[in-house]
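Listed below, chain by chain, are the residues.
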Amino acid sequence: MLSCEDPVSVNLKDAPPVLVVDAWINDKAEVQKVFLSQTQPFFEAEIPPAITGATVTLSSSRGEVFSFVEEEVPGEYRWNPNANGNPINEIGVDYQLTINVNDETYQAVSSINRVPEIDSIKFTFEEERSPFQPEGFYGEFVSTDPVGVGDSYWIRTYKNGVYQNSPFDLTIAFDAGFSQGGAVDGVVFIQPLQDSVNPLNEDRDEIVPYAPGDSLFVEILSITNDAFFFLQEVQIQTQRDGGFDEIFAEPLENVPSNILNLDENSTNRAIGYFCMSAVSGRGRRLVE
Amino acid sequence: MERVFPLWKSLIVFVFCLLSLNHFSLGQQKFTLNGYVKDEANGEALIGATVLVKELGTGTATNVYGFYSITLGPGVYTLEYSYLGFDVESRSVSVESNQRLDIELTAGGTELQEVVITAEAEDENVTSVDMSTNKLDVKTIQKIPAFLGEVDVLRSIQLLPGVSSVGEGSSGFNVRGGSVGQNLVLLDDAPVYNSSHLFGFFSVFNPDAVKDIKLIKGGMPANYGGRLSSILDVRMKEGNSKDLEVSGGVGTVFSRLAVQGPIKKDKASFLVAGRRSYVDILARPFIDDATLYFYDLTTKVNYDLNDKNKLFLSGYFGRDVFRFDEEQGFDWGSITGTLRWNHLFNDRLFSNFAFFVSTYDYGFSFGENDLDKFDWSSRILTYTFKPSFNYFINNNNELLIGGEAILYDFKPAEAQGVSDGVVTDISLDEKYSLETAIYVANTQKLSSRTTLKYGLRLSGFQFMGPGNIYEYRPVEPGRRQELVEESTFQADQWEVVESYYNLEPRFSIRQQVGKGSVKASYTRTSQYIHLVSNTSASTPIDLWTPSSNNIEPQISDQFGIGYFKNFGKGNAIEASVEAYYRDNKNQVEFVKGADLFLNEFLEGDLISGDGRAYGLEFSVKKNSGKLNGWVSYTLGRSELQVEGINRGEWYPTRFDQTHNLKIFGSYNLSARTSFSGNFTYISGAPVTAPTSRFTQQGLVVPFDFYDSRNDFRVPATHRLDLSLTIQMKREKRGKERKNKDELVISLYNVYGRRNPFSIFFSQADGTPMPGAPVETQASRFSIVGAPVPSISYNFKF
Chain A
0 MLSCEDPVSV NLKDAPPVLV VDAWINDKAE VQKVFLSQTQ PFFEAEIPPA ITGATVTLSS
60 SRGEVFSFVE EEVPGEYRWN PNANGNPINE IGVDYQLTIN VNDETYQAVS SINRVPEIDS
120 IKFTFEEERS PFQPEGFYGE FVSTDPVGVG DSYWIRTYKN GVYQNSPFDL TIAFDAGFSQ
180 GGAVDGVVFI QPLQDSVNPL NEDRDEIVPY APGDSLFVEI LSITNDAFFF LQEVQIQTQR
240 DGGFDEIFAE PLENVPSNIL NLDENSTNRA IGYFCMSAVS GRGRRLVE
Chain B
0 MERVFPLWKS LIVFVFCLLS LNHFSLGQQK FTLNGYVKDE ANGEALIGAT VLVKELGTGT
60 ATNVYGFYSI TLGPGVYTLE YSYLGFDVES RSVSVESNQR LDIELTAGGT ELQEVVITAE
120 AEDENVTSVD MSTNKLDVKT IQKIPAFLGE VDVLRSIQLL PGVSSVGEGS SGFNVRGGSV
180 GQNLVLLDDA PVYNSSHLFG FFSVFNPDAV KDIKLIKGGM PANYGGRLSS ILDVRMKEGN
240 SKDLEVSGGV GTVFSRLAVQ GPIKKDKASF LVAGRRSYVD ILARPFIDDA TLYFYDLTTK
300 VNYDLNDKNK LFLSGYFGRD VFRFDEEQGF DWGSITGTLR WNHLFNDRLF SNFAFFVSTY
360 DYGFSFGEND LDKFDWSSRI LTYTFKPSFN YFINNNNELL IGGEAILYDF KPAEAQGVSD
420 GVVTDISLDE KYSLETAIYV ANTQKLSSRT TLKYGLRLSG FQFMGPGNIY EYRPVEPGRR
480 QELVEESTFQ ADQWEVVESY YNLEPRFSIR QQVGKGSVKA SYTRTSQYIH LVSNTSASTP
540 IDLWTPSSNN IEPQISDQFG IGYFKNFGKG NAIEASVEAY YRDNKNQVEF VKGADLFLNE
600 FLEGDLISGD GRAYGLEFSV KKNSGKLNGW VSYTLGRSEL QVEGINRGEW YPTRFDQTHN
660 LKIFGSYNLS ARTSFSGNFT YISGAPVTAP TSRFTQQGLV VPFDFYDSRN DFRVPATHRL
720 DLSLTIQMKR EKRGKERKNK DELVISLYNV YGRRNPFSIF FSQADGTPMP GAPVETQASR
780 FSIVGAPVPS ISYNFKF
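First to last, the protein sequences are chains A and B.
The first sequence begins at 0 in numbering that gives the first Met the number 0 and counts up one residue at a time.
The second sequence begins at 0 in numbering that gives the first Met the number 0 and counts up one residue at a time.
The hints are simulated quantities; they were obtained by calculation from the structure and are not laboratory data.
No experiment lies behind these values; they were computed from the predicted model shown.
From the three backbone atoms N, C-alpha and C, an ideal C-beta is built for every residue, glycine too.
There's no promise every hint is true.
Quick look at which bits of chain B chain A covers, simulated, 3 or more residues with Cβ under 8 Å [stated by the list, open to error]:
1) 371-378
2) 420-433
3) 531-543
4) 683-692
5) 696-707
6) 768-779
7) 782-795
Next up, chain B with everything else stripped away, as it sits in the complex (with noise of 0.2 Å):
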């Protein structure tokens, strides 16, 4: 423990340093002007809206929390906000002392007419430093023709570059050729474990609660980190702070209804969003008879305590249940709890203090009574301090620091049986870390064509005691690997059994050229927890498990350079092309026939390897106009080595895909219908095949005479989804009425493909006649085989 505290000591020590700095720097001759930019239907903060000084022609964006800070000298200036989506809004400033200044912005007209959007703010693809990012906004979500009629925020970002899964009935997603544990998936900065419902159909985000969803794929500002592949940062809605709003939906496969309101209007609000599945539906892909459902709950308060200071408090807590019986079954689910002050320090020196829990858990139950029964559950729990500040340094620098500590314990088993009255505990002991970070890191603008964005992180972690040691060592590469019996020994509580320090460098460069800019960066990640999982596709019974004396932790070095380009009337079209390579450390692999589950020797069962990822992404889209939408290409690979694997060769991860195409679009047909569709493509993914079969006791065995890895492509997946809006009307007998409703109707997959989840090699249905020859076969097995329509109602008043 003693070695974690200079971690942060450093970084307090530096905040005191820019708390004094601040009264020194710059002299009298400057002010700072500040506040919140907010919507100002409902009050709720605009993430990133733009702030430019006319007279300067620089400006600065909002952050997180809808909050910016500029410097000037005395003077009189004009300020124009602004969001995409939102009217411009114009303030004439006479700047004298440093002053507050709260901005509302209004949503431009209706939202099916065209927007008339700044060129500012849409060029802010060519103008940012920042790369290999996407955000996507609730309201292009919520036209993206879904499964079953239910927009979805995970399945929804698979149509961006670089993104995808393992397909349907996989849970989480895959950026850049890395596993679904290597996302960060944060939901109002609480880290989420596993973040899908129905085996990945749906995510844990209800869209009615979502405000803003941001993949960071590389060039990862130094605020981050964690995990390898990505940050996917979704930040929760505030809650209606003016008017109290009720918003649902009805549909084939659940009912969502969320409430919103203020506490003390324009000062605290409140909002609550639930969803619950409809039992049967669902489970008649699995299997017959069985129910399977999900329900989850979304809530949210803040509260404006002064000008200075801010509280957020939100939670969530949702479960899928899946049952063959009264007894038996198996379910999971997730809880998060964020609790956030928001303080000024002083007119440029933003901080946000945050802690959070969360866990994930599942559980399985087998038997018929409580003589007889087995039951399992694993879970992991962490609670996360995590302090940052953003320092307004000057119109040129923008300073961000903080650090953040997280305490983890992991229950890897907690296991019952009880045969004939007689029980036994099999659980395993919990495991317990600590993974600290600090960070530093800087924007810059150097001039109005080139741009900076540096920063260090310095990551820690413990793994800690209490409980039993053990050491392996190899015996046959890809075998489990043997127990070092005289190493074993008992770790007290705290005891600091394994400690792993990394520096995490970022880089990123725009350097503007002609109307276009080009920009490069630079990441290194670390990654100290592991998501073990040995099945073809990520599961809700995948195991977290952190670094060890045994596994170490994961790192990754990312480049990447790109260009971006828009076109077309008020930069209508936005273009961008990119390439990244990935270098990987550490991957976690498995011996072959590796026990994962109720196995107090898991770590034998573990080895690793090098991972490396590249590929090329090209992305076109058009933001405005009756018909918008984009397309995103990605030609990419992802392949591990690990020794005794695929005789030491480099082979294909299961999430390698060579090209993967999405086309998204939609058309306003009229005022109040418009008409969506996207269309996927991606390549077959790569299998392990036998060559060859032998019998053993009249069992019949798979056999590869190569001893290869995913050396097989199953058959490409294609898709095409459609789907129609129609708002109903407006108005009735000549006046408005207060609610707004629509219907959706939709079609996936509309021509019908059996897109195959796996292609799968067995011996055929039966008991074996002895004597008699045993058929083998080779079989597709698609989760969803047929069109599949659907229709929801929406509301809102």
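Only chain A is shown next, with the shape it has when bound in the complex (with noise of 0.2 Å):
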């Protein structure tokens, strides 16, 4: 090979800190959490600097009220839906969070919107047909988005219960197709869409196919028009794979973020995003 791809260490410009919302909310009945920490430098390979001691609350337009608590990790705020009983679960309710710190107040808002089921799961297996497709069973799930432009989603994959969390595994849709310019609408999600639970190796370059034993568990969350755009810059910015794909690749750019700070006139800001979903999932065990 020719090409080359070595790391190379590079001073970076320092920066104050800033406040890291991170407030991706569902329907389901398990412990919903909003994340407050800080940007750290670049290189810093740690665990995010938490914000602790902030108000976090969340209301909908029907005039809930659910109060984000901080327990035992620091910067982590939780809420039961088990323990209060009135789950987050009705689509098409907007619902608004707030959050309190060092005296400054920022708020975001977003809304539940609706989500179609996943209709079946299915595994084929496929001789190998390129360096990185090899021989063995590729999973894809069947769903069928519903009819009316405008329904953005992230598509989640589990193998064998962990959450395929690379910036290679992130995938949205809008309607059924890749983005909003595609107008992919009221049909059964594109093919790349459906094989795109086909998580790729530690070293990026080929698929692992499921092998019999192998479970996979498809998640489905509607997610807002606007975080659809925030996952589509947050995938630019994250999914970099160096090599030939770099011919390709897009100038570095700061992604959206929907929170807002009050006061105006305050030097403050907060980044990071806030989004409702609904959720609906399906899973299969591959057996022989």
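Mind assembling these two chains? They're in different frames, but the hints should get you there.
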């Protein structure tokens, strides 16, 4: 190989920390969490510094108020639907997240949108097709986007119970296609999306097919269109595989945020995202 | 449409005026001497050959078709015809009436001997009014050490001052701080919309078929337009009209074969040249086991109908194919076709009518079978009609007038997805537009010391239906614009949705100062179609899109001044220094997170801003002698200012290169062996770097606190390449061999420098462990990170 890739050490500019909100809340009957932290220097491979002592409140357009409380993990604010008895599960309801920290108030809004059921999970045995598609069982899910333009989804894969969370596993859909401009509406999700449930190996250079005994669980989360655009930019910024992909790589750019500081004159800002989701899921174990 | 025709009407009227004017002007005291200047060996027309009238000390040069016309009073004159590398031909002519004088020049001895050339020919860079213009002949290009031993036109022009590229692996080239899409690349007059093979390692121009290359960086004549930065005018050979000639080569990466010869001796000839790369070698830099190859075919036929009429038909067809497996892959390619008719209306009015078709397309296929697949392709198709008239008024004035009409058909995406047998068509509407221009330009010699070239180009553009027309409104600077729903409408076929007109003045002056000359120029250019790419480097999937109700045409004003002087015996050393400043309007940029593909609302993601570029170019060139070559150095700056990007402040473009130094030298070791080398040094390219990172649902995202663009420089690029050319023995057992052949041994990137294509910031490989910290890193990607030796064999018989 003529080309080569090697790690380099680079001196980056110093920058002050910024509040980071990581608030992705869904209608599942399990503990919902909001994470508050700070940005850290780019090369600092540590758990991000937590922001403790904040007040985190979620309120709905129906007048409900959910208080997220920091328990034993610093910076992790929790709300347990099973203990509190009023789950967050109404499609079409708007929500507002309010965070009070260091005498400043940040707010963001989102809503829960519809999500289609997953009709089935399939495994198909394939011969080796290419160097990155070796022989083995490939999974796919079958689900149909409801008619009406403007649905957005996050498709998550759990292989043998482990959530697949490398940047290349991040799969999002606008209606049944890749993007808003594509206009694929009200049909079964396009093939590359159905195929997205086959994770790559550690080196990201080939798919690891499913083997008998493996399980696959797929979740579809409805997300807002703004959250879709946010995740689309997260994809661009994090799916940096190097090599040949660099030729097609887009420049580094800050991703957007929907968290606003209510004090417009304040120099403090927050980044990150708040999004509400409805979730559907289906799983299957591969048996021979 | 009705607004388009007045442009053409005025052109037609103007030409008729010229035709009638000819009978009255100048009385009967003067006569015209005209004809073609050709190469004696193969009948190829010589472009820019000098015709000098010894007694008067004035002269002219042949146009791109090798035609000249000169006006003289009655008398006996000595005419000297000269062309670089050819023997001077002197003719004594008694002028009593209009005369046709076609001349054939003989190449000056063998290529490797020192060529004696007349001072007039060599002095051209001082005496010509043209500035910011570089010519390269194929013989020079063939001496430049090349990647994998294959000489290439586009890689060679990158050794000229003011020309660069973002690096190995990027398509196209940048001129004076302009983007790749701001270059008008012409192959026999037909525009080429993507000039690269194999991600820029090679270009679509087959050196076996190329005759002449001219790059115009500033002071553009009014007969060229449509792009802001530069014109690369590549002229193909006509084909040997004397003898059948077969040439070709076998190299490390591809094989070439060209056949040319007379169809009817001295009257009609043809040329067919093809190339095909080998499958395996080229994919390796990218993906193991994948296949990547290209092929192309360049053809030309020309026919001299009679003294007054010539017909040319030329074409190019080429494709690059990148396959992951049998069903999945990616391919792209161009097709151009040109039909030209040269007609002499009278002794002094030369005309050319050209019609050409040019298309570029690319396509992707994914999926496993017919029930589950995804196919997507995109294309630009244009039809152009271009009449031009070259009127040799007298020895001091040469008038160019003409027009151009280009009909564009853009197909942004034809896409079809099949999932479990359910077919979904997600193709986007085609877009149509018409670009027209008329121009007039005159080159006027005020005295032997002062020459002016002035012209005016009037260009127009219509964005037309059919199709859905959208309008957008900005929401937040630098972010996606919002669709104005109520303004959406369906345009009918040919319905003009938006029109633009621009007046483009062009002006150049040359003033002799001592032995050198000072030249200055002003050029306004406008560009109506835009090459849209949000990748760091230009790629085969960059998309052409027209100006519309949302996107305004790009406009550029360029000012240049330069000093030109020759030194040494027979003016062997040409030197020049030029300064330029460009002010650009409506430069296309993208919103953050722009979605350029399969996007019906693409224009909502395009925003515009101002650009500026300025620089100093130094060039010293030695054309003859055992050691020849050049040194070129450019000090430059190229910047953009767009609301919502980089806090609204000026930022450097990706191809901003402070220092750009190129040295090329060739030394003739013996009559049969020559040794060449070139060295390149380019300042590090600007990229955007993060300051910080943050975590979102377990993913680590880079963050730049200062929200800046391109404020970080990757390390500088530098490289040395060498090559040795050995001509095989010309005799065999005392007899001269009919065929000529040579071996070229080359070493690219001699000291194996890992020049960065990019520095990128990413999360370390693998699925992160829940709760464990995630590692982030910076990586350098080099496309060619080692020395690359190669050997190739070229032949001609």
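Checked against the structure, which of the hints given earlier come out wrong?
-> Violated hints: none at all, because every hint is consistent with the structure.
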